[in-house]
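Work out the full structure: start from the sequences and follow the hints.
Protein chains: 4
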Amino acid sequence: MEPPVRPTSETGRLEAFSDGVIAIIITIMVLELRPPEHPSLAALAHLWPVFMAYGLSFAQVGIYWVNHHRLLDRADSSGTRLNWANLLWLFSISLIPFGTAWYGEFPGQAIPTALYLTTLLLPGLTYIWLEKEAMCSGDRDPENRIEHDVQQRKAMFSTAFYAAGIILAFVAPAASIACTAIVAIVWIAPGSRIDRWFGGGSTKLSS
Amino acid sequence: MEPPVRPTSETGRLEAFSDGVIAIIITIMVLELRPPEHPSLAALAHLWPVFMAYGLSFAQVGIYWVNHHRLLDRADSSGTRLNWANLLWLFSISLIPFGTAWYGEFPGQAIPTALYLTTLLLPGLTYIWLEKEAMCSGDRDPENRIEHDVQQRKAMFSTAFYAAGIILAFVAPAASIACTAIVAIVWIAPGSRIDRWFGGGSTKLSS
Amino acid sequence: MEPPVRPTSETGRLEAFSDGVIAIIITIMVLELRPPEHPSLAALAHLWPVFMAYGLSFAQVGIYWVNHHRLLDRADSSGTRLNWANLLWLFSISLIPFGTAWYGEFPGQAIPTALYLTTLLLPGLTYIWLEKEAMCSGDRDPENRIEHDVQQRKAMFSTAFYAAGIILAFVAPAASIACTAIVAIVWIAPGSRIDRWFGGGSTKLSS
Amino acid sequence: MEPPVRPTSETGRLEAFSDGVIAIIITIMVLELRPPEHPSLAALAHLWPVFMAYGLSFAQVGIYWVNHHRLLDRADSSGTRLNWANLLWLFSISLIPFGTAWYGEFPGQAIPTALYLTTLLLPGLTYIWLEKEAMCSGDRDPENRIEHDVQQRKAMFSTAFYAAGIILAFVAPAASIACTAIVAIVWIAPGSRIDRWFGGGSTKLSS
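Chains as they are written, first to last, in numbering that gives the first Met the number 0: chain A, 0 to 206; chain B, 0 to 206; chain C, 0 to 206; chain D, 0 to 206.
The set of hints was computed from the structure by calculation and includes no laboratory data. Because the structure is a prediction, the values reported are computed rather than measured.
In this list, chains with the same sequence are indistinguishable; a pair is considered to hold if it fits within one copy or across any two.
Once the Cα atoms are required to be at most 25 Å apart in a straight line, the calculated SDA-like pairs of lysine to any residue come out as:
| hint | residue 1 | residue 2 |
| --- | --- | --- |
| 1 | 131 | 54 |
| 2 | 131 | 90 |
| 3 | 131 | 69 |
| 4 | 131 | 73 |
| 5 | 131 | 197 |
Spelled out as structure tokens, the structure:
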């Protein structure tokens with residue numbers, strides 16, 4: 000009988016603004032894809048690290064967008080503190096194009112690789128404060144809790160892999176990128192099997 | 000008596016985010032239009048391939064936007080898989096400015112022309128998965144079905160023309176661009192006559 | 000008793016997409032404001048034509064946004080043709096940053112000045128088709144009609160001034176810019192007195 | 000019993016357009032973060048003034064966004080004058096990336112530092128007209144009034160600090176940046192203690 004609880008207009012504008020910023024971040028990276036200076040397939044193939052970096056970063060920003068999206072949908076509160084936590088998160092995610100561009104120029108080098116993974120890791124760290132400010136009380140429901148716990152474990156796993164990747168950058172930069180790719184697969188691959196591995200059996204438990 | 004079924008808030012945010020990304024893609028291409036270095040009409044005229052490429056790409060992205068728009072309006076489902084299908088589609092469409100920029104620099108060359116048409120074709124291919132995930136059950140209604148079939152045939156025709164254009168790029172790059180222009184005309188030209196050609200007689204059947 | 004007639008969701012998304020494109024157009028021009036190469040006031044002052052061009056173009060795009068805004072609010076129809084008319088209009092307005100950048104580099108030169116005014120004029124011409132497709136039947140009400148007529152006369156006046164400015168560019172480029180400034184003043188200055196000059200006595204007639 | 004008074008659709012579109020512009024402004028500054036030309040930590044560290052300028056400007060634009068957000072939420076009026084006041088404000092805020100870029104290139108120099116602080120100050124000045132046009136009558140309620148007065152004092156304090164910073168730029172540029180940082184802290188730091196210092200005891204009075 001009651002209408003579904005809609006996000007307040009304040010959360011609505013927060014979402015719209017965040018979507019705008021994320022849409023720009025995800026798209027301006029394509030500006031780094033400078034067309035090759037010779038009209039040959041070899042010149043194009045030579046750009047593969049830049050392409051790979053663009054593809055990986057697009058996936059990572061996409062993952063963050065999907066999660067941010069879910070978070071604000073469930074948010075119970077809105078206000079100045081949530082605004083600032085969100086702005087800090089947007090700031091940290093806005094550094095990804097910088098990390099991507101440097102990595103794309105020096106794909107096999109330790110420092111640019113480590114910085115690239117650091118820029119991918121940072122939004123995960125600032126997300127912790129954002130999550131706290133959003134105070135999703137609905138997560139206390141047993142059903143949501145399992146999903147929430149799976150998400151938390153995935154997030155911890157991602158953080159660990161990014162951190163490992165930063166260290167690996169000084170030994171084997173290619174392994175760092177493999178870490179990033181694994182994180183992307185964990186989030187993007189169709190959930191059921193991977194979710195079960197992360198402790199979720201939500202379909203059974205919630206039925 | 001019942002209010003019209005509105006897209007869920009989730010689809011709403013998907014639309015808003017997609018619109019943001021498409022708006023940026025369609026507009027950043029204008030950044031490739033570097034002003035000529037001499038203040039003369041000859042210097043301006045010298046830019047015509049860049050202008051033509053910008054105009055054509057604007058039209059193609061516009062066509063994709065109009066179709067994407069229709070698709071999400073009719074979408075029955077929303078969720079993580081639709082999110083990812085949509086992100087993959089956005090990724091493929093985000094490569095168009097890159098293809099356009101390279102083509103604009105080397106307008107008569109085989110490889111840049113072939114790549115340009117490939118970047119125009121890709122969003123058409125990723126659109127297939129997006130369409131499947133959106134699961135528009137309304138398309139089973141006889142009336143919508145005819146419109147839907149016309150759209151499908153137009154899409155197949157576009158794919159064939161792009162593919163032909165990619166091959167033609169190695170023989171006659173100008174013919175590739177003609178293929179692109181024909182695709183644009185098929186979608187933009189006032190519908191009735193072209194739609195009938197694609198098998199639609201919707202006005203008769205639906206009345 | 001009845002709820003106010005709301006724009007259809009289709010017009011809503013058209014508005015949102017257009018706003019996104021216009022927001023990008025109005026803002027990317029600031030990217031042309033390259034910081035001076037010397038940290039001196041003289042170097043900054045040297046940029047005044049670029050600043051002036053940015054300011055003028057911002058005002059012109061702003062005027063177009065305000066009018067576009069009003070048009071879609073009153074639109075009676077939505078559909079494929081309106082979509083295309085709107086995309087053509089967005090295409091023409093997207094050329095303004097290009098015209099602005101070239102003018103900013105060669106402020107006293109005939110051809111760049113003429114092109115700049117042409118890019119400012121073009122969205123006015125494509126707006127005619129857009130207006131026709133939007134079919135604002137509400138404009139037939141006597142009250143709205145007067146406002147509409149004032150708008151039409153202002154639009155014709157602007158077109159005439161831009162056209163005159165394009166010709167003047169070959170004689171006195173500074174006079175072209177004066178034409179542009181006059182157009183901006185006509186639209187931005189507080190309405191009553193200017194509106195009366197354009198034939199509006201709406202406050203009297205509508206009461 | 001009554002539904003809460005919602006902003007008119009006109010204010011809604013004004014908000015959406017402004018959010019778009021602010022999202023672009025806050026994000027394009029990251030394009031100034033050019034990746035270092037050598038893959039070393041030293042080369043990265045060498046960029047610290049550019050990073051600091053980006054971080055500070057992100058915070059300032061964020062503060063303006065939060066305040067603009069609050070203002071339009073409480074706005075009683077909408078119309079042509081509000082549109083123009085808002086466009087002028089957007090124009091002034093759009094100059095921040097320019098100021099940031101010049102400061103980032105010449106961090107210790109008087110003129111770029113003074114210009115940077117001027118671009119930060121300008122949106123504060125144009126905000127005065129915007130605030131007048133929005134005519135927030137709700138601010139006359141005693142409860143809102145205290146919050147409003149705190150905001151006004153913070154705004155005056157910010158203006159004074161920016162103005163002082165502009166003068167200090169010619170003596171000690173580092174002190175100018177300290178002024179900017181203090182302004183950021185005043186707005187971002189958790190409110191209660193700072194608000195009390197600015198004359199607010201709202202929690203007591205409103206209970």
